[in-house]
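A.B. asks: Listed below are the residues making up each chain.
There are 2 protein chains.
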Amino acid sequence: MTYSAIAEILVIGNEILIGDIQDTNTSWLCGLINSRGGHVARGTMLRDNVDEIAAEVGRALERGADVIFTSGGLGPTADDLTLAAVARGLGLPLELHPEALRMVKEQYDNFHARGIMAQGGLNPGREKMTWLPKGGVPLFNPGGTAPGVLVRKGRTCVISLPGVPSELKGIIEVSLQDFMQQTFGDGGSLGTALRVLCNDESILEPVLGRVVPRHPGVYIKSLASTVGMTPELDITLTVTGGRAEERTALLKAAVEELSRGLTEDGIGFRERA
Amino acid sequence: MTYSAIAEILVIGNEILIGDIQDTNTSWLCGLINSRGGHVARGTMLRDNVDEIAAEVGRALERGADVIFTSGGLGPTADDLTLAAVARGLGLPLELHPEALRMVKEQYDNFHARGIMAQGGLNPGREKMTWLPKGGVPLFNPGGTAPGVLVRKGRTCVISLPGVPSELKGIIEVSLQDFMQQTFGDGGSLGTALRVLCNDESILEPVLGRVVPRHPGVYIKSLASTVGMTPELDITLTVTGGRAEERTALLKAAVEELSRGLTEDGIGFRERA
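Heads up: the sequence lines are chains A and B, in that order. With the UniProt record's numbering as the guide, the letters of the first sequence map in order to residues 1 to 273. With the UniProt record's numbering as the guide, the letters of the second sequence map in order to residues 1 to 273.
Just chain A, with the same shape it has in the complex (with noise of 0.2 angstroms):
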């Protein structure tokens, strides 16, 4: 399949990595990636550690990603280093974004103004907010006060967001839309499952494996779960990329060539709703 575009994620924060906070923005990211035809690669969590965020933005970037986001750290206080990091790994200044302070104070006059926050205006903590990697633009944050920051590095884009889920998907639906589809295209993934009647991945290899080779532009993946939980077991299959077209004729061919094997192995099944 040819994807439209092959994203890393990189998740920053301890609160993560001591288990305090279970990081949901990665799979969210992965399925909006996903579903638009894009490819994510890689996720990768990270320490509050300005060395080894700016080291991991570089291999991301070695990799070849055409996207780089990143989660957390954006914040006003001193454990909040993305935008550092990010800097110091695309080798570029930070700078005072004279956009970004305006953004950010009209965001806090605004949060105060209908009673939310208790002061508005700036302090050295907001302002710390808008020192952007040279050359990055600012993203309106609606539901936050951190400015979402986007940044160029060759072909690479590397989108900094902020940790808290609502902020991180409110910049990317109101502040990245046309990104998004411009990156990544619309609808670009199409996907089914069937309901097998056999809860035994070791009975359905060898359908699997005589289907899975034939149909290299289809992703079709037996979701294991609990033993004993459920008799059945679903087989996921997903196109993503290329036209849509394209992509009806693949899923088809790949669900009528996986139904007649699981009924030659005498496997019952269904389409899952």
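Hints were generated in silico from the structure; no laboratory data involved. Every residue gets a Cβ at the ideal spot worked out from N, C-alpha and C, and that includes glycine. A portion of the hints provided could be inaccurate.
Listed next, the stretches of chain B that the computed footprint assigns to chain A, with coverage defined by at least 3 CB atoms under 8 angstroms from CB atoms of chain A [as the list claims (entries may be wrong)]: (1) 71-78; (2) 213-224.
Covered, in the sense of this in silico footprint (three residues per stretch, anywhere, with C-beta under 8 angstroms from a C-beta of chain B), are these stretches of chain A [stated by the list, open to error]: (3) 23-29; (4) 37-44; (5) 75-82; (6) 171-178; (7) 207-216; (8) 230-241; (9) 246-254.
Reference excerpt, derived from the structure (chain B facing chain A, CB under 10 angstroms, subset only) [stated by the list, open to error]: (10) Glu15; (11) Gln22; (12) Asp23; (13) Val40; (14) Glu56; (15) Met117; (16) Gly125; (17) Gly163; (18) Leu194; (19) Cys198.
Put chain B on the given structure of chain A with help from the hints.
C.D. replies: Showing chain B alone in chain A's frame:
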């Protein structure tokens, strides 16, 4: 602080990176390791690609992890290739392990006898799960059929676990109790939280900026949430590793100084229940 051991976690499976399955194993492992006094340095989510997995195992080895946990890719189907990748990453051949073979057969016979699975005994998919990196030890899986695998390389230990959460937890709890105790200790983490009457980290930053650098052994973190959802915010304080009396003393000193700092800046707070 002195951590008992440093771990990395590799989560493997396309289903994670297309957003079909939300990974929860990383967070669960992180919480467990942190609570025992260990340190998770990073988590990486990878596709079902033997080269990429093998390369990342090699890099984690170079980074000096004491323990590398892998999650997923141990099953009977062809896309489950974690053991082949771990073997390659460690420079070891795969070998059929007679004890693993006995373990797998016994477990399928057991599930068959209990009416949970249609067939007992062995088949090629089941036998596949018993080819371990040379020198590896199979770990009994109480809730499933794929054994976990423990293999050492120099001072690093690679532990491969199934991706189904109940199976991953079952192996840790039943088959790795002694290992976890010896490697990470027990009860090596102590934490508390202050709930502040402030929803704005930029107001807290001056206090944190004074207090945090004076307590390098305590992880102090303000946890932001969606703006406007609540007028309060938690600051968590966590001490990991070291002796119990040391943890208690470090945490007490940090809580006292943070409380004093909040009071000085006119920010109300209470200890979180």
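A.B. asks: Going through the numbered hints above, which ones does this structure break? Give me the numbers in ascending order.
C.D. replies: 6, 9 and 18
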